[in-house]
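Visitor: Chain by chain, the residues run as shown.
2 protein chains.
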Amino acid sequence: MLVVKKFGGTSVANKERIYNVANRCIKDYKEGKDVVIVLSAMGKQTDVLIDLAKDISDNPSKREMDMLLTTGEQTSVALMAMALNALGVPAVSLNAFQVAMHTTSAYSNARLKRIDTERIRHELDQRRIVVVTGFQGVNKYDDFTTLGRGGSDTTAVALAASLHADSCEIFTDVDGVYTADPRVVKNARKMKEITYDEMLDLATLGAGVLHNRSVELAKKYGVQLVVRSSLTEAEGTVVKEVVKVERMLVSGIAADKNVTRISMIGLADKPGVAFRVFDALAQANINVDMILQSIGRDNTKDISFTIPRDATDEALKVLEDNKERLTCQEIKCKDTVAKVSIVGAGMMSNPGVAAKMFECLFNSNININMISTSEIRVTVLIDETEVEKAMNAIHDAFGLED
Amino acid sequence: MLVVKKFGGTSVANKERIYNVANRCIKDYKEGKDVVIVLSAMGKQTDVLIDLAKDISDNPSKREMDMLLTTGEQTSVALMAMALNALGVPAVSLNAFQVAMHTTSAYSNARLKRIDTERIRHELDQRRIVVVTGFQGVNKYDDFTTLGRGGSDTTAVALAASLHADSCEIFTDVDGVYTADPRVVKNARKMKEITYDEMLDLATLGAGVLHNRSVELAKKYGVQLVVRSSLTEAEGTVVKEVVKVERMLVSGIAADKNVTRISMIGLADKPGVAFRVFDALAQANINVDMILQSIGRDNTKDISFTIPRDATDEALKVLEDNKERLTCQEIKCKDTVAKVSIVGAGMMSNPGVAAKMFECLFNSNININMISTSEIRVTVLIDETEVEKAMNAIHDAFGLED
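Note that the protein sequences, when read in sequence, are chains A and B.
Its first residue numbered 239, the first sequence is counted upward by one per residue in my numbering.
Its first residue numbered 239, the second sequence is counted upward by one per residue in my numbering.
Possibly wrong hints are sitting among the right ones.
Since the list gives no way to pick out one identical chain from another, each pair is judged satisfied if it fits inside one copy or across any two copies.
[As the list claims (entries may be wrong)] With a Cα cut of at most 25 Å, we get these calculated PhoX-like pairs of lysine-lysine:
hint	residue 1	residue 2
1	K430	K457
2	K508	K555
3	K253	K300
4	K292	K253
5	K282	K292
Everything labelled a hint here was simulated from the structure, so no lab data went into it.
The task is simple: from the sequences and hints, build the whole structure.
Guide: Right under this line is the structure:
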């Protein structure tokens, strides 16, 4: 039995927490399991290092930035190995060079290509706990790289896949994946199980527990993920391919307030116009999400779409600059909207799910601005002041508290 | 033309100093030289990391300690490369893995075995300044090691030897090697040149500018060392095999107050007694330096010797414990003594040098306790209150200010 256990920066922020993690891992070790620990840098250490670099240079090279940042995880793994040793358990820390975590060459945003397992296997065979640096890799030039946001989760999942681990536990500051954000929906329920696709939709939609890339990787290699709390012994949520036979129609609700709706009014109704709009935004690296196209007056059409709220100013600038070329009469912008989504693998075979959601919102007197759907997800755009009311109403309507 | 330039922790302790070093190195680069920079960890960073480890464990494993400490130099080289980049010069930082600095496996006190130069050569060929971590290496297990005290000097010299560098500059907080400590002897003179052997004797005797091991290595591989200030542009002292043909008899004077004299009175005058004394001390890892044996009363002998002052308590304990076995009647100890030495390759062929030193001390009314000599060195043990007077008198007697 081999387990990979990943702890984030807050879980190793000080001596007390390092020992807390060490003790948890020793429990598994004493049950006879092979234990691999993946760690992030301690607390705010990565931010401290970034500030150090920014003090030296306004625009430090990404290659040197990664060289600098990787010292963060190396520090935490060395200290964790010392703590495990102090508790009488043999342990060894390894960085990306020592494991040999091969990545693409893109500094600051590399992707894992291949992980050598020989050294880790060797250490596990000596009955040592192996403590591995998350977030970092080595590229073909023998340079350090980092994996970008959520990188340590990705390291853990990739290690679990390479080592054929029996389980990959991701420890966070919440104790699992909930049917809705417990701070918003009082009777939100922690899920015992969820499929990769549901988790992916929830992650993308802002549930914020696991990073997409790690879930995609887990799905690809069939790694069973467990999301659980680093503070309590609660069981957590298992993310895996097939869950129980009788599925809930809807497994969770997510909300995302980082949304602005932009409407382009009176566009010429001829081919290529929509393409030009989205091409201009794509070139400015702005992600467009929900899209609604409708017939306007006098042979024109209107296009509405949503973008991340923090890209509002830049998007408006791009569109205003191209207003004439885009044949647009008026640009409207509303940044007080929010997305609310229901996710559930059971929806696929139940066409009534979306209708039930709309009916529930109608009964609560909530106006729907836009709608988008996928096989396992229905998303509506509503006014952001109504998010709480909507989430609670939907949670009740689908009986998620049971 | 290839130069290796080594800067210690104080030289890179903050942004201003990092830029100061960067600018100095860019000057060489712009003259067309290939430049390799070797750095220690910033300021007191190594002490900070040691404290972090001691907080986690009273007795951290040396392997994990080295894993932790090596983050210190990695941080400074990354920041230095950023500073060089910010000044418009291409630069790349490399750690012990990337260079491939092979060492023995002894954690915390490893010795360099071999340095691969391929990566560094490749980077230099691209006209990049290469910034290398000092003090660290990688052993046959692919683990980080550190080189112990003065380790970064050793890294610099070994790199210079491997790369066949034209010169290896060691930047310190003094601007060269002096004929005597300038704080003690007012008219001490900075030497332009000195041989490896003279430097070794001065280093061992407490001149404290360069670490022995780096001088030994430089001698072995014929690396021309330059000791110079990181704060001023002064020329510094060149350490090399052969210096000018007409040599000074004496090139420098060193003093060392870390000395205690111990006398064993009334030892049985039979074979093996002296051996037993020094064997007992060796087993306690205590270094014995000057030794004087004399005939005592009634078929006994007395042995006096010096040890480092900080080992006094331990040495006395070892000797007292073995007093009977050593057939010793009395143990005397004096910890207010000091060694004063004159060093100079010219002494070898000038037997009058020692006599001149003794005469000079006699004229100054300074009592000599013990004497020890080598081919290029004469050391006397005197009362520590007379060190300043002795050094100035000898400095004048040999005309070292000229």
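Visitor: Run every hint past the structure and note whether it holds.
Guide: Results for each hint:
1. K430 with K457: within (18 Å within a copy, 69 Å between copies)
2. K508 with K555: Classified as within: same-chain Cα gap 24 Å, cross-chain 100 Å, threshold 25 Å.
3. K253 with K300: Classified as between: cross-chain Cα gap 19 Å, same-chain 31 Å, threshold 25 Å.
4. K292 with K253: between (28 Å within a copy, 11 Å between copies)
5. K282 with K292: both (15 Å within a copy, 21 Å between copies)
Going through the hint list in order, the structure satisfies each hint without exception.
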